[in-house]
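Going letter by letter, the sequence shown gives residues 1 to 412 in the UniProt record's numbering.
No wet-lab data here; the hints were simulated from the structure. None of these values were measured; they are calculated from a predicted model. Errors might be hidden in some of the hints.
Unchecked claim - Have a look at the derived ranges for each label pair, beta carbon to beta carbon: (1) T362 - S131: 34 to 40 Å; (2) R349 - N33: 56 to 62 Å; (3) L134 - E72: 35 to 41 Å; (4) D263 - R107: 55 to 61 Å; (5) F260 - T171: 49 to 55 Å; (6) T171 - D302: 21 to 27 Å.
Virtual Cβ for every residue (Gly too), placed ideally from N, Cα, C.
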Amino acid sequence: MPLTICLNNQRPCYSGNEPISGRLIFQCSSPTNVRDIRVTFSGRAKAKVQKVKGAAAPTASYRSKCVLFERERILSHPDGETIAPGTYEWPFDFVFPSHIQSPPGSRWPEKVPFRSDANHPLPPTFAAETSNSLRRLDCAIEYRLHAQVLKPQQGIMGRKSPWLSETVRLTFLPLSAKLDPNGNSNHAPMYQQQKEQVFNIRSMLLLPENRGRGLKVQEKIQSWLSPSQLPRFSFKASFSYPTCVIQSTPLPCFLDIASFMEDSSVTSPPDILMQSVSIAVISQTAARAAPSLMGAISGQTDERIEILSRTSLAMSVSAKIDLGQAFGPLVLRHTDVSFGTFNISRTYRLCASFKFECAGKTTEFDLPDLPINIIAQMERDENRRILDLPEEDSPPSYTSASILSIRTFEKS
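Sequences and hints are given; from them, build the entire structure.
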């Protein structure tokens with residue numbers, strides 16, 4: 001290749017504040033006039049939002065592009081002079097930022113789930129094409145090194161595009177989206193959130209002598225006419241779940257059933273049977289285009305990821321149950337980490353549903369919208385480096401790349 005980017009510390013994935021160094025190699029086969037040679041390191045979030053009209057083709061596309069950061073190095077500036085044939089190289093170095101370094105401007109208004117605050121955390125590398133009956137979304141967050149060899153411009157209408165160019169794309173995952181060795185995330189604390197609901201049961205079947213049989217027609221009529229006279233029983237169902245979920249690992253979810261005998265008129269608690277259980281994660285991809293001649297538009301699409309679904313259980317529940325032990329590991333298959341930026345976001349929510357039967361009465365415990373964050377686990381070697389961090393929590397340095405001196409158009 002006449003133009004090649006060679007990285008000294010190429011990694012499968014980078015994090016914030018990591019150095020990136022390398023060399024740009026230019027092979028010139030004939031005498032050439034060159035204006036300058038440069039390398040640009042940048043991050044961009046690009047989105048395309050389309051309306052969908054039934055089964056017909058989408059309408060016009062609404063596009064947005066946000067420059068998250070941009071750094072440029074002019075490695076050589078011959079300013080139109082002729083360079084001789086040969087192989088040339090120049091070193092360059094950058095530092096991967098950890099936060100957005102472009103002002104949001106007035107065209108990014110505050111709107112959930114997007115972010116409009118300046119200097120918010122840099123989002124991870126991301127790509128998704130998704131659609132529903134209303135919107136079609138094409139989203140990408142990319143980070144790249146882009147090298148260019150530019151020739152002198154001839155006149156006002158002369159060539160402005162580069163004569164030669166080369167691009168290397170980099171994968172980025174912020175430390176704020178990773179789990180540290182102590183089991184904590186910098187993005188959000190790892191703890192169990194609990195949701196609960198109290199159920200009140202009134203039925204003649206709560207009486208010990210009536211348990212295990214069905215009500216006669218006369219008893220049903222009597223129950224309907226005098227509900228306040230029926231025996232009563234109360235119990236509380238509590239569901240606890242993690243606020244952060246590690247990619248591709250089991251979810252620690254628990255169901256706790258507690259009887260309230262002090263609020264009940266029966267002397268002993270009846271059987272509570274769990275008839276069905278359902279747990280799923282909803283991933284939402286959202287994108288928006290800033291106001292333009294065509295106006296502004298936003299859209300979001302949901303994908304349901306089934307974790308657990310069981311029916312016809314007739315399972316007696318009376319205390320705390322580890323749902324992972326009862327039904328097998330509740331594994332969330334690999335998916336993108338949670339993030340938000342000016343024009344693209346990926347968020348998640350947990351949905352859980354339980355159906356109980358007690359004394360012939362059926363009750364439902366529905367939890368349709370429980371927010372969670374998806375975080376990534378560091379690789380083992382990264383964990384080892386994090387453990388060696390000094391007290392000021394400076395970022396890890398994965399390589400010690402040698403510094404090369406710049407040789408302006410000297411043959412290598």
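Quiz item: In ascending order, which of the hints set out earlier in this document are inconsistent with the structure?
Solution: Structure breaks no hint.
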